[in-house]
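Top line first, the protein sequences correspond to chains F and A. Under the numbering used here, the residues of the first sequence are numbered 1 to 487, in order. Under the numbering used here, the residues of the second sequence are numbered 1 to 460, in order.
Any given hint might turn out to be false.
Taking lysine-lysine pairs in the DSS-like style, the calculated list, with each CA pair at most 25 Å apart, reads [stated by the list, open to error]:
(1) F:K14 x A:K26
(2) A:K423 x A:K26
(3) F:K14 x A:K189
(4) F:K14 x A:K151
Restraint ranges, calculated between C-beta atoms of paired labels, are given here [unchecked claim]:
(5) A:K318 x F:N69: 47 to 53 Å
(6) F:P38 x A:K317: 29 to 35 Å
(7) F:D294 x A:D216: 48 to 54 Å
(8) F:G108 x A:E351: 53 to 59 Å
Read the hints as simulated data drawn from the structure, not as lab findings. What you are looking at is a predicted structure, and each value in this text was computed from that prediction instead of being measured. Virtual Cβ for every residue (Gly too), placed ideally from N, Cα, C.
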Amino acid sequence: MGFTLSNQQQLLSKMATGNGHGENSPYFDGWKAYDSDPFHVTKNPNGVIQMGLAENEMCFDLIQEWVLNNPEASICTAAGVNEFKDIAIFQDYHGLPEFRNAVANFMGRVRGNRVTFDADRIVMSGGATGAHETIAFCLADPGDAFLVPVPYYPGFDRDLGWRTGVQLIPVACDSSNNFKVTRAALEAAYEKAQKANIRVKGLLITNPSNPLGTVLDRDTLRSLVTFINEKKIHLVCDEIYAATVFSQPSFISIAEIIEEDIECNRNLIHIVYSLSKDMGFPGFRVGIVYSYNDDVVNCARKMSSFGLVSTQTQHLIASMLSDNEFVERFIAQSAKRLKARHMRFTMELAQVGTSCLKSNGGLFVWMDLRRLLKEQTFEAEMVLWHTIIHEVKLNVSPGSSFHCPEPGWFRVCFANMDDKTMEIALSRIRNFVAQYKEPIAPRKNNRYWQSNLRLSFQSRRMDDIMMSPCMMSPHSPIPQSPLVRAT
Amino acid sequence: MLSRKASCDSHGQDSSYFLGWQEYEKNPYDQVKNPNGIIQMGLAENQLSFDRIESWLASNPDALELKRNRESVFRELALFQDYNGFPAFKNEMVEFMANMRGNKVKFDPSKLVLTAGSTSANETLMFCLADPGEAFLLPIPYYPGFDRDLKWRTGVEIVPIKCTSENGYKITESALQEAYQQAQKFNLKVKGVLVTNPSNPLGTTMTRLELNHLIDFAMEKEIHIISDEIYSGTVFNSPSFISIAEALTERNLEDDEVWNRCHIVYSLSKDLGLPGFRVGMIYSNNQTVVSAATKMSSFGLVSSQTQYTLSQMLKDKKFTANYMKENQRRLKRRKEMLVCGLKGAGIRCLESNAGLFCWVDMRHLLRSNTFEAEKELWKKVVCEFGLNISPGSSCHCSEPGWFRMCFANMSEETLMVAMQRVKALVDSTIVHQQTGLSKSRWLKSKWVFQLASYEREPDR
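Based on the sequences and whatever the hints tell you, model everything.
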């Protein structure tokens with residue numbers, strides 16, 4: 001028995017039948033290619049290597065060692081089972097006090113103990129995904145907007161806008177000044193919103209940046225604080241990559257800035273955090289909303305009922321992150337390994353004339369392949385991207401999926417594989433770049449353009465994948481903010 | 001400064017349902033340390049059978065120490081964030097759910113969406129099935145948390161289906177039609193009916209007749225049915241539980257359009273007593289709903305660690321079968337204790353065969369047949385007699401004087417103490433009625449408080 005599309009549309013909500021989840025974009029070819037032909041060092045050495053997934057697999061040995069040495073941290077072991085009942089029935093949305101204390105402690109240590117965090121302001125959420133949605137629900141009404149500097153993580157469109165009705169307005173940044181966020185660009189974006197009668201409720205920044213891997217300097221952070229205070233809008237700082245900063249300049253959290261001599265209404269300041277990147281625990285769904293605004297804390301806490309962290313996980317994390325000796329060792333080792341990986345990667349790429357944006361954090365590099373584009377267009381970027389997926393067999397993420405205004409940039413993840421796989425990935429890139437000294441032209445009867453874009457995912461990662469409706473064709477049914485077309 | 005959602009109170013947490021908790025939090029009963037404290041009877045939790053789980057864990061250490069065949073699976077789990085869920089866990093879940101329904105229906109794991117508790121499942125279904133301003137019909141009385149879960153962030157409205165004690169709160173054809181017309185009067189487009197079966201707060205299961213009325217109604221109006229079956233494993237007496245899935249199958253409606261409009265909500269918070277682990281799910285025959293709900297589950301996935309642990313536990317079929325049987329036996333016994341204790345105090349309950357609570361008739365103790373009198377009685381019960389029970393008005397009951405009392409979240413000794421206090425309450429009310437005193441001075445002891453506002457996690 002079939003259902004016509006219009007039947008479904010009447011039967012279900014607009015939300016369920018629309019494309020606001022952002023997953024119907026044509027950019028899933030990369031994932032499709034990977035899913036159908038995943039690389040394995042022995043079983044499938046010619047498969048596609050996954051470099052589109054910003055995951056941190058660098059320090060699992062340290063964590064596993066800790067887990068083995070601390071059986072009481074699990075409520076399922078002989079050492080920990082006496083706590084099973086209390087943990088299993090605890091559903092208070094305030095969360096286990098020891099969990100909040102441990103997270104606050106960890107967040108402070110990641111920032112070199114330059115600031116401390118109040119455990120009572122720690123609110124749980126279903127990963128950073130849930131945290132962003134919750135913040136949007138708390139701060140904005142349907143139709144309101146957040147300013148977001150480009151390029152930005154594609155998932156924000158879904159997280160901040162899908163079910164909330166909130167829109168994202170890009171703040172122009174480009175490579176001419178290494179994608180710095182300027183006051184002028186902020187003002188311009190704000191003005192455009194005003195002209196279009198859109199109420200701006202806040203500015204969202206990701207620091208360290210995804211996809212750039214850079215940190216915001218003190219002056220920029222201060223200017224952002226000044227800007228939002230002048231406009232009386234919120235500042236949401238996504239700091240989920242805080243512990244991935246591996247070299248100078250050091251990471252400066254918004255928490256540090258507001259303690260400096262600067263005029264700031266703290267009720268406007270909110271931090272989103274998670275353990276998915278810093279610890280490498282995306283499966284455990286540990287998201288945090290940290291707000292300096294009491295009303296937001298209270299509201300977000302009530303909303304956290306929709307995405308609490310499993311107490312089994314809270315218990316494990318509480319134990320792990322209150323082991324200060326382990327935490328310090330982990331943070332140091334993680335940075336060291338990321339630095340080594342990053343250096344190897346960028347040096348190898350430089351040797352074949354491929355540069356990356358200078359970065360010192362994140363789990364990826366922002367690779368510059370503009371010189372390989374036949375013409376500086378997004379169509380040419382797509383052609384290049386398809387080539388990289390299908391011929392070079394690397395799933396990387398095209399800059400357009402991050403709303404990057406300049407074609408030719410690609411985000412390449414390096415922390416989700418072992419050394420061997422990384423060397424293979426590097427050799428593929430080396431060979432590819434050596435081959436294509438000329439820019440890559442679109443082919444006649446290019447089968448990629450005819451590829452079937454309708455996908456069914458049997459198993460998919462949902463984090464960090466290309467979900468941008470930004471660069472859709474004019475025929476796309478996805479509604480766009482008028483300001484997106486204008487930039 | 002903040003959104004309308006943040007500034008309003010449609011999260012529903014200022015209701016009396018939650019105020020009782022505030023009092024409890026300030027002065028919780030403890031057999032030894034605080035014998036005069038308030039006994040928590042407002043929390044529908046199942047704490048009767050943890051010993052079973054603990055002993056299973058003790059005898060299966062390897063399986064649960066995040067190990068499989070002696071190899072640590074920690075890393076694999078830590079990285080597993082696929083919103084389609086851990087296949088082994090979903091496979092076990094559908095088998096578990098089928099067993100609970102006497103294997104009269106079979107479930108397909110690809111139609112199961114995992115969510116962070118049934119709180120999230122219910123909200124997600126609203127987002128999928130209704131636009132802001134549209135409505136769902138719900139039989140009253142219903143779980144107070146629905147006001148938050150179904151309405152708060154979704155903008156969906158709830159229109160009550162009137163059920164009364166006159167016929168044991170059975171859902172009738174006329175009540176359904178009346179509710180629908182009521183919605184139309186308010187210009188609300190009805191998208192479906194949501195029932196809780198077994199019922200919270202009633203503790204009863206829906207009859208075959210009721211289910212058929214519901215199905216006929218949904219077919220006639222071409223609307224959805226959501227069946228919240230989170231208490232399905234707590235049925236301890238006949239009549240046996242009939243799932244909406246079974247009712248549809250019995251009528252051979254698998255090929256009818258109504259099949260695609262039926263959705264089941266489930267959770268492990270009540271049946272297995274694991275509310276802290278946040279394991280909820282949606283089961284739907286509608287592929288678009290499964291697809292949309294799966295994407296939405298990104299906002300509240302189940303921790304992979306928990307999925308793994310539970311998949312191991314549920315794999316042991318002998319354990320789960322024994323657990324469910326023993327659990328039901330203990331629930332039945334405990335409920336009978338409560339009913340008996342109340343009877344001794346001259347209080348009757350609605351005849352029930354499921355759930356973790358009784359629906360208690362205290363209408364004869366009201367000063368007048370009003371909700372003001374119910375509130376007065378409730379305050380007395382909480383503050384003077386130290387029992388946090390839930391007033392029927394917080395469950396949107398249409399008749400004053402009914403209260404929900406939970407029995408599965410305390411020890412037997414505590415339940416006995418609670419029964420003594422109930423007896424004392426009734427005696428004092430009789431004294432009051434006889435002597436016309438405005439307050440029973442000799443009972444007014446250290447249990448008198450001011451009700452103040454304070455936040456509390458709303459539990460079922």
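Against the structure, the hints come out as follows:
1. Taken as a hint, the F:K14 and A:K26 pair is broken in the structure, with Cα atoms around 45 Å apart against an allowance of 25 Å.
2. This hinted pair checks out: A:K423 and A:K26 have alpha carbons roughly 24 Å apart, not beyond 25 Å.
3. The hinted pair formed by F:K14 and A:K189 meets the criterion: a straight-line CA distance of about 14 Å does not exceed 25 Å.
4. Annotation: proposed proximity of F:K14 to A:K151 holds, straight-line Cα distance about 17 Å (limit 25 Å).
5. Taking 47 to 53 Å as the suggested C-beta distance range, the pair A:K318 and F:N69 does not conform, at roughly 33 Å.
6. In this structure, F:P38 and A:K317 meet the distance hint of 29 to 35 Å, their C-beta atoms being roughly 33 Å apart.
7. Evaluation of the 48 to 54 Å hint for F:D294 and A:D216 yields a pass: the beta carbon distance comes to about 51 Å.
8. The hinted window of 53 to 59 Å between F:G108 and A:E351 holds, with their beta carbons roughly 57 Å apart.
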